[in-house]
Structures are given as structure tokens and as C-alpha cells.
Amino acid sequence: MAIKTEPFVLNIGPVHPSTHGVFRMRATLDGEVIIDMEPIFGYLHRGIEKLAEERTYTGVIPLTDRLDYIASMSNNLAYVLAVEKLVGIPVPERAEYLRVIMAELQRIAAYLIAVGAFLNECGAFFTPFLYMFREREKIIDLFEMVSGQRLLYNYMRVGGVSQDIPEEFLPALDKFVREMPGFIDEYDRLLAENEILLARAKGVGILTKEMAINCSVSGPVLRASGVKWDIRKADPYSIYDRFEFEIPTGEVGDCYDRYRVRIEEMRQSLRIIEQAMEQIPSGTVKSEVPYLIRPPAGEAYAHIETPKGELGFYLVSDNSIAPYRCHIRAPSLMNLTVLREMVIGWKIQDAIIIFGSIDITVGEVDR
Amino acid sequence: MILALSGKEVAAQLEQQFPGSIIESSENNLLAKSESLLDIAEYLKSSPELDFDYLNYITAVDYYDYFEVVYQFTSLKHNHSLVLKTRCYDRENPTVPSIVRLYQGADFQEREIYDLMGISFNGHPNLKRIFLWEGFHGHPLRKDYL
Amino acid sequence: MILNPSLNLEHYWQTLPPDWPGGFWWHWLVFTVIIIAFVLTLVMGYIWIERRGMARMQARLGPNRAGPFGLLQPVADAIKVLIKEDIIPANADKIVHWLAPVVAFVPVLMIFAVVPFQDGALLADLNIGILYVVAISSVSTVGIFMAGWGSNSKYSLLGAMRNVAAVVSYEIPLMLSVISVVLIAGSLSMNQIVMAQNIPFILLQPLGFLLFFIAGCAEINRSPFDLMEADSELVAGFHTEYSGMKFALFYLVEYAEALAISAIITTLFLGGWRGPVLPPWLWFVLKVIIVFFVMVWTRTTLPRVRIDQLMALAWKFLFPLALINLIITGIQVLAWPEALPGVMILVNIAIMVILVLLWSRFFKLGWGRVEV
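Just so you know, the protein sequences line up as chains A, B and C, in that order.
Residue numbers are given in my numbering: position 208 of the first sequence equals residue 208, and the series is strictly consecutive.
Residue numbers are given in my numbering: position 88 of the second sequence equals residue 88, and the series is strictly consecutive.
Residue numbers are given in my numbering: position 351 of the third sequence equals residue 351, and the series is strictly consecutive.
A hint or two may mislead.
[Claimed, not checked] Derived list of chain A stretches under chain B, where covered just means 3 residues or more per stretch with a C-beta under 8 Å from a C-beta of chain B:
(1) 41 to 48
(2) 155 to 163
[Claimed, not checked] With a straight-line cut-off of 30 Å between C-alpha atoms, the simulated DSSO-like cross-links for lysine-lysine are:
(3) A:233 <-> B:77
(4) A:50 <-> B:143
(5) A:85 <-> B:143
(6) A:85 <-> B:128
Hints are computed from structural coordinates only; laboratory data are not their basis.
Even glycine gets a Cβ: it sits at the ideal position worked out from N, Cα and C.
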């Protein structure tokens, strides 16, 4: 005779002690097993797309900072690339190299938070998180040298970057690039073969290749499922075709693969930065653009590979000083489509880990 | 490099399969009738030389006379992409068929367009507001909202 | 004794421990005061060690404002918690909610009645010492479940049920390791066990020590088994709905249990108060602190296990190993009672290494996805 049980509904969030922000999961549980899950968001909706229609083209750049507030250099880059495609402005060489260096440094910083938060949710009580923050502090110091800001940089401009780097930047960057591989190896040594981490993350939350492609997933989540698709190689923007780097992919598509893909990509980013530092020429950092940009009527779509995935801006202009329509293709929102499939059948603790391994930022989901 | 397929070539192929479904085609994009949207999308996905298996984005723009819904597809294997558009002229209750059946990634994006622009998608399993709360009046991204 | 005036008072005086001046009740009073002072002071010390030690291992400083080196931080915490408002959820079961911290804390304090601080210096030298300890420590689980139930919240209930399941499962390897020690020492009394340790039992029973340490960490909800109060999952588990003095009692329970397990490990495996130069009670305190430091170390380093992995670890890994350990110890005690300690140490360490390696090869942690 079986005991009669009934499923109950549990609300995980919107305020929960993980670092991902205001996000709510409404899970229907049968004991400890999740049988249905519905993600509910919109708590951080600020109407950025509507606000962009009232600002000038240059005035939208600070708005794009606040999309994925952890990786704001990449957001800026995507937007200015879209505007440059619309107008057709050439970018000086030095500015291109500076953009690549900033974007790759930002990638490392964002992956440090992603991996740290993932391990924090696995239960390694803040220790790897704080070690990674130690490295992130060095990157943020570099960014502060360049733009004066620690989190929301507003550094890129249409036609280049806003200001040149000071003299102490390149030596400090050199020092960072020489020390960082040692730290990545330290994290690997501590965590990659840890029994408990393997037991928690291997085989958990498997995302198959077909499902990933069908659900428009992008970024490390797609690569961990075995699809070798990186916009830096598939559709090179800026000057990425001059650098030599590899795209790590996973095999199975579980949480452990997503963690490994991020660690390997950090190493590849360091390679790109080294090559960029050697090749950087001197020159101006911003081409002459009018104060109020009036692009010809038309539309353009530019996408880049941010730490979260494929971020794209679709701009429609009607020859006025403000965009007619600015749509933001947010990678975190697309990646969330698969959350329900991945979580069903696992327990609450696994749901938290799977959610952490997708690594979303609510600012981008809700815009 | 992702090759952006020319709208004209694909239009020629599609006209053979589904006559009368293409309204106009240009170098960059393809404008189709909204009734035949689902057939076109299915053909684009299943035909071996086109093989568009990845949906980049769906978005909607409000030109004052009509709404235009824009789709971009990419083929990961052949490395080419295509922009498909459709228009709806109804201001009160615009509807477009939903492609959630084919591309599950369209799920949240179509809900977002419904929420912010007011365009309903036929055949979507769960068409409710995603960012704004239930009971919100109006659709903010429309040009005549404020 | 007090009610029956015809009882022979002479007989009563003769039942004292021989070296104790004054009466039985003085002995009880002094030791009660000593135990309460010891527990409270060392718990404060534990809180300080945990916060500073963990912070240092995480590349940060830890509390250093309240007093020199932050030594008064636990006092500040205690004062803060005492002056907070006591919030009770509206639909909570008032009596159960109120009684739960008491039921959880008192048994932990009662464990210290049989822990020897010096030769013969304990509150009650029960000749069933260790059995009493194991029995009493299970009672505080009832208090935790009362807390989870009485709070009328889904999170608390989930946390409490996980806790009960874990504690009940880990009792068995705990007891089996204790029985192995008792076999070698020849007595259940804690004092006798310490006296029998000419070489500390950690060398003679390495596998037993390992099993006791792991099972002990699981009993007291310390990482890597702290999913009962996991911050990132269930907010705070069974004590989500507590605030003020009751929360202080639960906090105290956690650290007092850690102190109790450290004290028992010291007594059973590390030789209690025995040591060359320093006074015995100082040796005891030092050893207790060292054991706790190892606990803090594992907490900082290791991630958390999942609930079904926790149960699998108890039943499929620790329990068979504990049984095998008991059998081997029994064989050794029966067949070679006069064997040289050095030989025995090497044999036992070799057995531990082989068994642990072998078992971890064949052990699969937890089941995966359930088909829905």
C-alpha cells in the first residue's frame, strides 16, 4: 500500500542568495524531485528598447552598459558595431586593437564571476568565488585606468573608443597576462578532479546538441553541448580574423562541461590578448564623426560573442538623430528557453546548479 | 564569414514551392505573406541545401501603417543566413502564425513581442505576458503608447 | 537522602570520589559551573576560529574590529542577537516552536557530563560513558524536527526532514567505530578509555578515526554535509523562521555539537588529556581546538553533497567499511592480544589505505535523473 502523496508548489526566488539577480522559478515538487518548472522574470524590466528611441545614437551607449552589467564592454562593442554598419564609418587600427583587448579582458572577468558563482552554488562556501574575485580586481583596476569606472565603463564610441590608454596600462596588462595562467592552473588543480564536484556536476542537466540548436542557445552553453559555433570564428567582426585561437567544446553538455569550457576559454582569451599586445600600432583612437549622427534610412544587425552568448543589436533608422527601433537580441533570454527541459527530473539542489551553470544576468533577460 | 543569402535567389526557390507567397524580395531580405509563413519556415528548415536550423532572433517594428515582424535564420552547417519579414496591417488585433513548433527558441521571443507590441501569435502554447504583469493595459513599444 | 532521616550519613560520605573535599552536591555544582563555562567560552572561541580561519583561507581578513584581532566579535554577535525582536510566524504551532531550541540544546550540554578533563575529573564517571553519549546526542534531532514542523513553512519542513534522515543514517557508522575503540580499550567508561591509550587510538584505528570524523561531521551538519542549512538553497533550512534568542540557541547548538564531537574524538582517539609537559586540561583544550581546525579546513575547501548522495555515502560506503573495521578489530583483539603496538599500527594503516581505495573504486554516488 503506497502512501498517498501530492505534489506541492515551491517558489524559488525572486530574492535568493545566489548572485544571479531577481529571477523566480516556480517549481512543482513531488518529494524532492521537480516535476514541472516555470521561470518567471520581468522584475528588472526597465524598458531599454523604448528608452533607446528617445536618445541620440551616442546617448544609447550608457544604456547598453546596463544590459549585462557584468560584461559591459562587450555590450558597448555590439552596439557601436551595429551603428557603424548602419552608417559605414571606418575605425582606426589602434582603436580596433584596443577594442579587442578590452573585450577579451572583459570575457575573462565575466567568466571568473560565472565560474565562481557556479562553484558557490555547488556549496564550496565562497572560497573559489573569493579567489576569482582577487583576479577580477586586477582586471577592474586595468579598466579603471582606462575609463575611470569599475563596473559600467561607457568606453566604446561610434568610430572608435572614447580615449587612449595611459602609459601604465600596457606594462600592467603584461604583468597580468603573465601571472594569470598560473592562477587558472591553481583553480583547476583544486577543483577539476574534486570528487564532490564531479559527483554534483557530471551528468547533471544534460543538454543535447539538437535541443541546443533548436532553442537558439548560444555561447558556452552551446559549445559545451558539442557544437563548434563561435561568432569570432564563424562571422569575424572587428579584427578577430588576425588572431590565432581555438574554440573549446564539450562532449556531453552537462554542468561539468560548461564549467570546463569556460575555464578553457579563459586561457584562449589570454592568448588573444598577448597577440593583440604585440601587434598594437600607434595612431588615433577615434575617427571623426559628427556630434549628432544621422544615419541614412535603413536597417542593420550586428552580433558579437559576449561571455553569455550571441548578443546582437537590430537597428532601424529613419534618418533622424535617434534610432527608430533598437532591438536587443539578448543571449541570456534565449538560453533560458532550455532551463525547463534541463531541470525536470532533478532535485532542487540540482536545479540551482543547472541554473547557475547556464549563467544568466537578469539585466539582459529583462532589459 | 557567414554569407548573407540574397533574398532574390531564395525568393525564386520559394516561389516554385509556394506560389504567391512572396510579396517582394531584395538583396538583404525577403518579405512574405503572413499566411504562408509557417510553410516557408518549414521548407527553409527541412530543405537540405538551405538547412536553416538556428533561429537568431524574432523582432517586430512598428511602422505607423503596419507592423513588421522580422526573422533571421542561420544555417550552422552551410554557414549562411537569411532575413525573412512579414507584415500585418491590422492595428487592433494583429496576428501572425507562430513558429514555436519548428524552433523552440521562438517561445520567449514571441511572448515578448506579444507583451510589448501586441501582436498575437496563432498556435503558441503559452501566450501570456512575460515582462509586464497580468492586467497591464496597453503595449508599451508601440509608437502610439505614450 | 534528604527525605529519609534514618539513612546512614556515614555511608553517604563514603561514596565520594576519594580526592574530593566536600560533598557529592559540591562536586556536582562545581562541575556544572565548569562545564557551562567551558562550553560557552570555547564556543565563543570556536566562532572566532571559524570566522578568522575561514577568512584567512579565502584570501581575506575576517573580523578584526571588535577587540584585538576581532576576539570580541562573538560577544558582539551574542549581544546583537539577544536584543533582536522575537518574530513568530502567524500560523506556527506556538508551544512546539518555543520548545524546539530548548529540546535541541539541552542534550548537547548533557554530553559533557562524561567527558574527562583530567584523571577522574568529570561530572559523573558512568561506566557506560560512551553509550550514554551516543544515546543523548540523538535526542537533539527531535528538537530540530520540532523546529522545522513548528515553523509552518515549506522550506523549514524540507530542511528538517533532510536533517532527520541524515542524522539517523549516520548514527550507525558512528556507533560501529566507537565499538571498535571500546573493543581495544576494554571498557565503555570514558575515563577508562583515556587511561588505556598508551599510544593514541588514532594510530591503532586509523580507519575508525576516519569513519568517526566523517560521520561526526554529518551528524552536526557541517560542510561538506551542510545541506540542511545551505545558504544557496533553502535560505536557512529549519531555522529560517527563528530570530532573537531562539536563533542564538540554534547557533549555539551548532557550535556546541561541534565542540562535543571534537571532545569525543579527542577522548576516544587522540588520548584525551594525556601529554608530556603541559597540564592535562590544557592538552585537552589544545587537542579539541586542533580537531575543530581540521573541521574548518574541510568546510572551506570542499563543495556540498546532494541529499541522495549523502544517504548513499552513509549506507553504501561508511556502513560496510565500519562493519569490516569492527570485524578486523575483533579478530586482532582475539587472535593477537599481546602483539607489538608498532606492528599493529602498520598493519592497521595498510588495511585502511587498501580498503578505502578499493571501496571508492566501486562506489557510485547517488542516482541521477528521475523519469517524469
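Each hint tested on the structure:
1. 41 to 48: holds (count 4)
2. 155 to 163: violated (count 0)
3. A:233 <-> B:77: 14 Å, holds
4. A:50 <-> B:143: 9 Å, holds
5. A:85 <-> B:143: 25 Å, holds
6. A:85 <-> B:128: 35 Å, violated
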